[in-house]
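Protein chains in written order, with numbering that gives the first Met the number 0: chain A, 0 to 461; chain B, 0 to 461.
Stretch by stretch, here's where chain B covers chain A in the computed footprint (C-beta under 8 Å, at least three residues):
1) 235-248
2) 366-377
3) 387-400
What the hints contain is simulated information worked out from the structure, not anything from laboratory work. Note that the structure is predicted; figures quoted are calculated from it, not measured. Glycine residues also receive a C-beta, built at the ideal position from the N, C-alpha and C atoms.
Protein chains: 2
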Amino acid sequence: MITTGVRALNLGLPIIVEALPPEDVVQIDWRPPAFGDAEAAGLAVRLDDDVTTAANLRAIELIHAVRPLWVAVRPAGEAIPHLGESRRLLHAGPPIAWSRMCGPVRGALIGAVLFEEWASTPEEAEALLEAGEVELEPCHHYGAVGPMAGVLSPSMPVLVVNDTTSDPPRQAFASLNEGLGRVLRFGAFDDEVITRLRWMRDVLGPVLDAAVQQLGPVDTTALFGQALAMGDEGHNRNIAATSLLTRRLAPILAGIEGGIAVLEFLAGNDHFALNLSMAAAKLSLDAAADVPGSTVVTAMARNGVEFGLRVAGTGAQWFTAEVGPADGLFFPGFGPADANPDLGDSAITETLGLGGFAMAASPAITRFVGGTPNDALAATRSMRRITEAAHPAFPLPPLNFAGAPSGINVLKVLDKGVLPLINTGIAHRDAGVGQIGAGIVTAPSEVFLLAVRGLAAARGLT
Amino acid sequence: MITTGVRALNLGLPIIVEALPPEDVVQIDWRPPAFGDAEAAGLAVRLDDDVTTAANLRAIELIHAVRPLWVAVRPAGEAIPHLGESRRLLHAGPPIAWSRMCGPVRGALIGAVLFEEWASTPEEAEALLEAGEVELEPCHHYGAVGPMAGVLSPSMPVLVVNDTTSDPPRQAFASLNEGLGRVLRFGAFDDEVITRLRWMRDVLGPVLDAAVQQLGPVDTTALFGQALAMGDEGHNRNIAATSLLTRRLAPILAGIEGGIAVLEFLAGNDHFALNLSMAAAKLSLDAAADVPGSTVVTAMARNGVEFGLRVAGTGAQWFTAEVGPADGLFFPGFGPADANPDLGDSAITETLGLGGFAMAASPAITRFVGGTPNDALAATRSMRRITEAAHPAFPLPPLNFAGAPSGINVLKVLDKGVLPLINTGIAHRDAGVGQIGAGIVTAPSEVFLLAVRGLAAARGLT
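Start from the sequences and build out the full structure, keeping to the hints where you can.
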């Protein structure tokens, strides 16, 4: 048994008490509410009422009731309503015009134009995009999500997940993970990339679809719940979910023409399950896409220039702010100056309670994103302070099987001054160089300050 | 920062200080040396010299230098030297006569006689065994290991692991895991069991062998090191290693006739990798099977009646004592009265530093064997007190990647009064009922008291 012998409590900066021996000081992690924005702090206090409480309970209930089922792999243009109706490409994050886009997203769009054969050279493709002859819209506007550049074109195969509990039934979609190296999602568009995309369209997609039809719907909640007990956090570490899924699919894939090549692809891609995790998270959160009065976050996404936030009480509205690069570990030969600002729809996993929120499950990831296993426990505990609930289907074994913190409440973010932690890959700022590191990023405080104003306006409080 | 405010240190039973508020007491886990056996304690002190220290360093160096490679699956009678020379069966644990054997081992031996077609009815098989017409010897005497009853017959396929660093090259062997339900290793011998054994002989063994020949040698140290970062402890939890292995083998198995059935078997057997973990541990520890002067344990094994211990300094000698059933969680409908005393060669994993010693890696296992994730950390920390080293290839992420405690030192066990913890399945005492639970067992103190006398005799100190 240990008793505390505290001599000083410090609510300010650590420097204030540097004269005292450190063992006599307890540093309290206190920060001014609403990041020092008094008007936003006032709105947050006014919003913190019974209406909000009831709406947030309802939002969490809706989100946690979803049990996404992976049911198919289909061409995006076929599966995603309205996508194929015109010459249109989807990208990660909130809306952004071509002229403001970052290198990796531009590169990926050029690659997608070449893959769709709307142009035959990169120069022609760029001219087409520059001229506005291809509609560019966020994945999120089509019920879809994609990692990094997140570019989806009509011929690319997408994972289809179903929510059979909702009326009418809902779906969500995600691209198939390409693996590491020179890949479209980091903005590469050379022959190797386009050849792989064709193989994914002609073999990987149809073979996986045939396999999942034969296997029957895959309960993704059970899959990722099990993976959390195996060191995955469902965002930057996916080897357990990928291996569990491959083991289930293998006997079926072995009996399908092309199955051997697909099994080879799965054996070499530790991140295959990430995109399924993203699609499932998107489907779950969309259940609360429009819950008047709720201050629960329903999407966080980055386009490499801006960070976008959506909140249940303000529906489809995006609150956006500039975003910086992640803080993390760089691969040899690269450093912060090479890093693109944070990118991708993958923060949808954190929005549900995975990734940075479920770090406690994944001590091994600290070797990938930096830090120690204790930091991983601390990260999850800190996310508890800004979330509404523990996700009942995502127990974290190292925290005695407590559920992952789920359902970010804008008001709690402002009150505690604690920002959501997001595990992320770091892309090179130039198109096509690829991943140069991995790390942790926090959502920018500005989007929460904008959101509280938007929520107050929606409630007629301003 | 927290300071301690201890008012009392207690080295005795907790009851002594029950009058004090618990937060003022630090309970020190002190126990009398050598479990109160003054003569053994005296011998242990005399043995704790430079000769022992140097020999133990050498033993650990030899054990940790082994990098077992899984290279083949072959019929036991072909792969294991001398096994097929006469009508002979192998069993788990130290040597024991038929007349003293427990129900599950007797049942498994009857099953093996039927499988080998040395008899055509269980009654005939039993009569043959009763009459001593089949030689019965421990797996360990043939470089082999088997879980639970551990029965191996010449026609059964075995995993073959090689140590290419030793001169001459060494091998170790383990049976293939049958899965759960009615299986030979729990003493079942009905038609379902024999039919499965025939399939394992005719399909599973040859197909896996063809796959591993095509894949090339599998580095088991890397495999189990990776599995420790995914919640396995390499004894009672093997889903990560099994899934990783299946994912690597799948593209190859898909191209071999019979491969689909093997992939189905692998998809349904979360414990497939256990037997590989056991073979690899056996191979590693055998490197120190004969290191004069060393007090490092090289084998722990149970035959369902007795627990057997081998130590580097006393070579092939067994120190044995009666063993009790494990303390754990029972499946619905069963209780301690149904439990067979502890059984199987699988404690070879703990002898190397896995299983109960690597519990910290596997918070999820506490739901299978009882306890909490904190108990898992405490178990590993406690095993550090009786081991010589941290295994450099088995980092435990929740303990900041410190290596698993490896190399049990008989002298430390006596000095600290801490017994090795073993994760184990619990067999029904009647042949063929199967697994009725899982839990934790400690090695009996008697074997360590016998071992210190044996070690002292070997050093000429008695």
